[in-house]
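K.L.:
Bring the two chains, given one by one in their own frames, into a single complex with the hints.
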Amino acid sequence: GQQVMQIPQYQHVQEGEDFTTYCNSSTTLSNIQWYKQRPGGHPVFLIQLVKSGEVKKQKRLTFQFGEAKKNSSLHITATQTTDVGTYFCAGRGTNAGKSTFGDGTTLTVKP
Amino acid sequence: ETGVTQSPTHLIKTRGQQVTLRCSSQSGHNTVSWYQQALGQGPQFIFQYYREEENGRGNFPPRFSGLQFPNYSSELNVNALELDDSALYLCASSRDRRYNSPLHFGNGTRLTVT
Chain B
35 GQQVMQIPQY QHVQEGEDFT TYCNSSTTLS NIQWYKQRPG GHPVFLIQLV KSGEVKKQKR
95 LTFQFGEAKK NSSLHITATQ TTDVGTYFCA GRGTNAGKST FGDGTTLTVK P
Chain A
233 ETGVTQSPTH LIKTRGQQVT LRCSSQSGHN TVSWYQQALG QGPQFIFQYY REEENGRGNF
293 PPRFSGLQFP NYSSELNVNA LELDDSALYL CASSRDRRYN SPLHFGNGTR LTVT
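If you're matching them up, the sequences are chains B and A in order. Each number in my numbering comes from the position in the first sequence (counting from 1) with 34 added on. Each number in my numbering comes from the position in the second sequence (counting from 1) with 232 added on.
So that you can see chain A by itself, here it is in the shape it has in the complex (with noise of 0.2 Å):
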C-alpha cells in the first residue's frame, strides 16, 4: 500500500512569490485535505478535495486554492506569499470525504518566506 507523498519537501521563497505544492494521496484513498502547521501549533484546516472539486474550506484568504486531479492527487497553490504563510503544509488523504474518517498524513512541505 502506498502512503501518502509530498512534493518538494523544502521550499525557501521570497515574500510576493508563487508556490505550488503538490501530493500523492493513498491508494484507495479519493479525498485529500491541506492542512497548514505552524511551529508548535497544531494543523489548520485549509480545504478538503472530493471527486475534484473543493468540499469544506478553513479560515484561509482566497489567495490559497487548490486542484484534484483525476487519479486523486492534488495540488495547493499560495499566490502573494507573506512571511505568515512560512510553515509546515500537510496533505492528508482519506478513504472518504467523510469527516471522521481517518487521515493518512503525508511528511510535508516545509515552507519558508523571506
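Pulled out of the complex, with its shape left as it was, chain B reads as follows (with noise of 0.2 Å):
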C-alpha cells in the first residue's frame, strides 16, 4: 500500500533559524496536505498542493511539491516559538481513495 515517510522525526532549533521538514511517497501522488499539530491539540489544516512543481507561500512558510509528485517539503524562515508542533503531510495516490498521513516532525523552538 501507499507509504508516506517524513524526516526528521525531530527538528530542534534556535528562534529565528529556519526549519525544514520533507515528505517522501512510495508512489505518485494526486495531491498533498500539510497540517499542524499544537502540543495537546488536534491537526490542523495549512494548505494543499496539487500541481507537479507547485509552490505556495503563506508568509514564513513555504510549501513545494516535487516535480514527479512523490514528495514535498515545508520550509519556515525564521522560526518563532509559535511555530512549534508537529507537521503532518498527508497524500493522496492517483488511484482515488483516502490520503495517508506521515508520522510528522516535531519542531521545537528555543527562545
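Hints are computed from structural coordinates only; laboratory data are not their basis. Hints may contain errors.
Calculated Cβ distances over 10 Å to all of chain B for the following chain A residues [to be verified]: (1) T246; (2) T252; (3) R283; (4) E285; (5) G290; (6) L299; (7) S305; (8) D316; (9) D317; (10) S318; (11) D328; (12) G338.
Derived list of chain A stretches under chain B, where covered just means 3 residues or more per stretch with a C-beta under 8 Å from a C-beta of chain B [unchecked claim]: (13) 257-263; (14) 329-336.
Ideal Cβ placement from N, Cα and C applies to all residues, glycine included.
P.N.:
See the structure below:
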C-alpha cells in the first residue's frame, strides 16, 4: 500500500533559525496536504498542493510539491516560538481514495 | 461557525469492553471521517461517512463500526477493546466526500484501555 514518510522525526532549532521538513511517498500523488498539530491539540489544515512543481507561500511558510509528485517540503523562515508543533503531510494516491498521513516532524523552538 | 466537537474528551475502559465516541461536524459539512492517532504517529484512517453511509474504510477490523445521523453527526463504536486500541481518536468533518477536501479536526477523545 501507499506509504508516506517524513524526515526528520524531530527538529530542535534556535528561534530565528530556519526549519525544513520533507515528505516522501512510495507512489505518485494526486495531491498533498499539510497539517500542524500543536502540543495537546488537534491537526489543523495549512495548505493543499495539487500541481507538479507547485510552490505556495503563507507568510514565513513555503510549501513545495515535487516535479514527480512523489515528494513535498515545508520550509519555515526565521522560526518563532509559535511555530512549535508537529507538522504532518497527508498524500493522496492517483488511484483516488483516502489520504495517508506521515508520522510527522516535531519542531521545538528554543527562545 | 461552529467547529467539530467530540465527546468525551477522555475515557478509560477495560479490555473486552465496548466504547462509543461521538462527534458533531462543523456547520456546512456533510462528511465525517474518523482517525486513530497513536502516540508519536500520524492519524490513521478508520472510515468515512457520507449521507449516513460508510464511504471508504481503512485497514481496521470489523469491531470498529460507525454511524452517521441525518444532522451529519457521527458515532464511532469499538467492540471487544484491546490494549492496542489505546490512542487519540480524531473526528474530522469536510465540506464534501471528496478525499481532497480539507479536513477539520475535533480535539479528539483520548481512550485508554487497561
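K.L.:
Would the least Cβ to Cβ distance between S305/A and chain B come out above 10 Å?
P.N.:
Label holds. Min Cβ-Cβ 17 Å, cutoff 10 Å.
K.L.:
Counting residues of the region 257-263 of chain A with a beta carbon closer than 8 Å to any beta carbon of chain B, are there 3 or more?
P.N.:
Result for this restraint: violated, n = 0.
K.L.:
Minimum Cβ separation between D317/A and chain B greater than 10 Å?
P.N.:
holds, 19 Å
K.L.:
Are all C-beta atoms of chain B more than 10 Å from that of G338/A?
P.N.:
Violated, since 6 Å does not exceed 10 Å.
K.L.:
Does D328/A clear chain B by more than 10 Å, comparing its Cβ with all Cβ atoms of that chain?
P.N.:
holds, 14 Å
K.L.:
Find the nearest Cβ of chain B to the Cβ of T252/A and say whether that gap is larger than 10 Å.
P.N.:
T252/A clear of chain B: closest Cβ-Cβ about 20 Å, beyond 10 Å.
K.L.:
Taking the closest pair, is the beta carbon of G290/A still more than 10 Å from chain B?
P.N.:
violated, 7 Å
K.L.:
In terms of Cβ atoms, is chain B entirely out of 10 Å range of S318/A?
P.N.:
At about 17 Å from chain B, S318/A clears the 10 Å cut-off, so the statement holds.
K.L.:
Since L299/A was said not to touch the interface, does its Cβ keep a gap of more than 10 Å from each Cβ of chain B?
P.N.:
holds, 19 Å
K.L.:
Counting residues of the region 329-336 of chain A whose CB is closer than 8 Å to a CB in chain B, do you get three or more?
P.N.:
Held - the region 329-336 of chain A has 5 residues with a Cβ nearer than 8 Å to chain B, which meets the minimum of three.
K.L.:
Does D316/A clear chain B by more than 10 Å, comparing its Cβ with all Cβ atoms of that chain?
P.N.:
holds, 17 Å
K.L.:
Measuring Cβ to Cβ, find out whether R283/A lies farther than 10 Å from everything in chain B.
P.N.:
holds, 17 Å
Figure legend: structure checked against the earlier numbered hints; hints not met, in rising order: 5, 12, 13.
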